[in-house]
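Please build the complete structure, drawing on both the sequences and the hints.
Protein sequence lines, in the order shown, are assigned to chains A and B.
35 is the number that our numbering gives to position 28 of the first sequence; each next residue is one higher, with no gaps.
19 is the number that our numbering gives to position 12 of the second sequence; each next residue is one higher, with no gaps.
Think of the hints as simulated: they come from the structure by calculation, not from any bench.
Note that the structure is predicted; figures quoted are calculated from it, not measured.
Don't be surprised by glycine CBs; every beta carbon is placed ideally from N, CA and C.
Check each hint, because a few of them may be wrong.
[Stated by the list, open to error] The calculated label-pair distances, taken between Cβ atoms and stated as ranges, are:
#1 Thr108(A) with Ala112(B): 35 to 43 Å
#2 Thr87(A) with Glu76(B): 50 to 58 Å
#3 Pro50(B) with Arg41(A): 37 to 45 Å
#4 Pro14(A) with Pro94(B): 16 to 24 Å
#5 Arg71(A) with Tyr74(B): 26 to 34 Å
#6 Glu82(B) with Asp37(A): 37 to 45 Å
#7 Lys25(B) with Ser57(A): 32 to 40 Å
#8 Glu82(B) with Gly53(A): 39 to 47 Å
#9 Thr108(A) with Leu36(B): 20 to 28 Å
#10 Val79(B) with Glu62(A): 38 to 46 Å
#11 Lys61(A) with Ala91(B): 29 to 37 Å
Number of protein chains: 2
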Amino acid sequence: MHDAICPKFDKAMQLISKRWTGLIIHQLLDGPKRFSQLEAAMPISGRLLSERLKELEQEGIVHREVYPETPVRIEYSLTTKGCALGPLFKELEHWSHEWVTLDDADLQENA
Amino acid sequence: MHDAICPKFDKAMQLISKRWTGLIIHQLLDGPKRFSQLEAAMPISGRLLSERLKELEQEGIVHREVYPETPVRIEYSLTTKGCALGPLFKELEHWSHEWVTLDDADLQENA
DNA sequence: GCCTATCAGTTACTTTATGTAAGTTAGTTT
DNA sequence: AAACTAACTTACATAAAGTAACTGATAGGC
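What follows is the structure, given as structure tokens:
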């Protein structure tokens, strides 16, 4: 009844419409980042960042590399599949600059 | 500390990364639709469909038109701002066809 | 008048996801 | 051995989403 939708598109939508995944990928499009850098770059908690990174790793979008230095360094980067999302985020950036208007409530959040 | 992100982009991200909004807009890119058509087109409940449509109307993305026929007909369509999201969804479609692979779990959902 | 049907929702209630804060592990420095 | 660091975990509270039954306006049939 309600599944004339392409399952691949549907899965892609579920992926990016999950809270934080979009912002995490957007951050990583800028280059590899460590856990603490991602945590500092947006108001996400360690718990969810950890959860999302695992999910994205499972989906083959994010790569996790362990450098056994001291203290240990772990870098997260985008795979080819992840990088392929670049144009999508460029589009979102473009749309947001052209159409999004900020109201009082939005400005409060960044106070 | 964690808000070097453009607030407009941030708001756009919040919008499309809210559950169902993406699919609703994608449906409406196809042309105006009634409440019951949207409800039938995806596995969303009336409660959330109603909530999301109100939010999207407030954001100026969706337009609600009442036709006082009998029984009443109400059509939801995209505004110019909403239509401007077309290319973004084209990108997502493109990426999903190129990169998304379906595993057992995904196939179960459509059973 | 009364019962039934349609469309577009709404209400009440349950389950799942997210937010918050404190704790853990492994190695290092003091 | 106490304290510090990075990268997580765990436990618990709150918010969002899911489910199903119900409402209101209007019309048609009996």
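So, going through the hints one by one against the coordinates:
A beta carbon spacing of about 40 Å between Thr108(A) and Ala112(B) agrees with the range 35 to 43 Å that was offered as a hint. For Thr87(A) and Glu76(B), the Cβ-Cβ distance of about 53 Å falls inside the hinted range of 50 to 58 Å, so the restraint holds. At roughly 38 Å, the beta carbons of Pro50(B) and Arg41(A) sit within the given window of 37 to 45 Å. A C-beta distance of roughly 22 Å is found between Pro14(A) and Pro94(B), which places it inside the suggested range of 16 to 24 Å.
Remark: the range hint 26 to 34 Å for Arg71(A) to Tyr74(B) is contradicted by a beta-carbon distance near 54 Å. Checked against the given bound of 37 to 45 Å, the beta carbons of Glu82(B) and Asp37(A), roughly 42 Å apart, stay inside it. In this structure, Lys25(B) and Ser57(A) break the distance hint of 32 to 40 Å, their C-beta atoms being roughly 22 Å apart. Glu82(B) and Gly53(A) have their C-beta atoms about 45 Å apart, which keeps the hinted 39 to 47 Å range intact.
Range check, Thr108(A) to Leu36(B): about 21 Å between beta-carbon atoms, so the 20 to 28 Å window is met. Take Val79(B) and Glu62(A): their Cβ atoms lie about 43 Å apart, and the range 38 to 46 Å holds. For the hinted restraint 29 to 37 Å between Lys61(A) and Ala91(B), the CB-CB distance of approximately 34 Å keeps it satisfied.
The structure does not agree with the numbered hints 5, 7 stated previously, though it agrees with the rest.
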